[in-house]
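**Q** Place chain B on chain A using the hints.
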Amino acid sequence: MNILVCISNVPDTTSKINFKNNDSEFDSNGVQYIINPNDEFGLTRAIWFQEKNNAEVTVLTVGDQTCEPILRKCLAIGANKAIRIDAVPKDGFFVASQISEICKINKYDLIICGRESIDYNGAMVGGILSNMINCPYVANCIGLSIDNKKATLEREIDGGKEVLSCELPVIIGSQKGLVEETDLIIPNMRGIMQARQKTLEVLPANSIKNLTDTNKFFKPQPKKEVKLVDSEDVNELINLLQNEAKVL
Amino acid sequence: MSVIVYIESEENKIKKASLEAVSYAKKISESLKKDLIAVSLNLTDFSILKNYGVDKLYNISDDKLKVFEVNIYSNNLSNLFNELEPEIIVITSSANSRYLGPILASKIDAAYMSNVASLPISYSPFSVKRSCFTNKAFNETSTKKSTVVLSLSSNSYGLHENKSNLILEEIKGIDSNSALKIDSLEKLTNKVTIADADIVVSGGRGLKGPENWHLIEDLAKVLGAATACSKPVSDMGWRPHSEHVGQTGKPVASNLYIAVGISGAIQHLAGVNSSKVKVVINNDPEAPFFRSADYGIVGDAFEVLPKLIEGLKAIK
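Going down the list, the protein sequences come from chains A and B. Counting from 57, one number per residue, gives the positions in the first sequence under the numbering used here. Counting from 460, one number per residue, gives the positions in the second sequence under the numbering used here.
Excised from the complex, chain A in its bound form (with noise of 0.2 Å):
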């Protein structure tokens, strides 16, 4: 079984959001990156189908080289090697449009997309991608069993979840879920030597074109103060929340 897994390269869920250049930009500056969790919960998914049933695991990111030292941490963690398309993302279409051109050269059974990256939450390359490659697609996937090239998925939805089958192959959306937060590889000192041995391979990207640009960033208006109301005095809470806020 061939698994590609899809990897963005986030800030850490713990930065200070700025932006530098007239607010055109992130200002990454001091902010540490890291693999993006919806995609680390697939990825760590990809690790166990290659325990178990002997798949091989390929890691891909669109992004210029400062994405590299993330490929190396999912090498250290169990992938068997790594794909970086040279080009700085520009948005979703752009990236699943990539992503499409490699999985016309490589054949894989399953293929993750984190279910959103905490970013720029566009939350659209695996559907774009599904389109693309005409492989169906299965977003917030919090479960996922395959036996003979037939999957069984389970599809997180507003107030429960829903059971899906199809035949391989297959694009999902990770989430939290699929596995569990405690079920994370952390990199011991074998993988991280061993992923220095392991093939991280430049593909030049594609010229395709972006449907969207992003101009400009705002970040939020500040708050203003909390309004505290005594522990004794509960009923004035709900005056003010009946009054004053008008949502009850």
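Derived from the structure by calculation, the hints contain no laboratory data. Not one of these hints is a red herring.
Covered, in the sense of this in silico footprint (three residues per stretch, anywhere, with C-beta under 8 Å from a C-beta of chain A), are these stretches of chain B: (1) 585 to 594; (2) 633 to 639; (3) 704 to 718.
Remember, predicted model here, so these are calculated numbers, not experimental data. Note that the Cβ used here is the ideal one computed from N, Cα and C, for glycine as well.
**A** Here is chain B on its own, set in the frame of chain A:
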């Protein structure tokens, strides 16, 4: 050329988020001096759409459309959209719509924008404000494409009534198949979902254990609210993952968010930032949540919650 809004319904009931999408799309259609076209699937009661300004409704009826399946839905919708040649298509940000949006956009060769949080800033090029960095910031995104699919952030525009004379056109579904088979659907029907809720009551580690969750549930019940929890609570197995809200859990965009015993880690705050009014109840006055809440009580949840429940029962 037209403005289209996709109406999401469940068992013939139109979702509230869809009425917000209609309100938003109506405003755009008025700015462009165009009729507002709505598209629904298997709907029989559409009278409410007259109150929100829909000028024309295409209702596609087909047994195959009874249950949401992304490929069959997107094939039917793209088939109609290719005929109508819309410029702007508005959808909600429900789990199903966010699943459908990118596939649909790709099928009709349109640009796709998610988490849209404002009316268009300009029409040439088309640009909107959308939330990013999990609600920690916004960006202005533009496209030169002639067609764009927008997924509207819930609770970002609100409901705006607008009377219209609705013209209905019933059409038949197209013959379409999917590689995906739906084997089963599990849905809690008696519970308010986090996505649809006006009010969300959320509990954290401060509640000390799953055995105390009746306090959260009772408060939610009296408010008609959905229940949620922080990440540590779902990681420890006190509550199911489906209740985890925050950066890696579900986003919350309710009118009122009440956080009990949640300190307010940056990842949690990011996930609930889009809620209009935030109330925090915590015994630690230094809890970071107090800095991003609108109202707060410094106090013991086990004393405050019963009083709050009693007080609310009295006014309901």
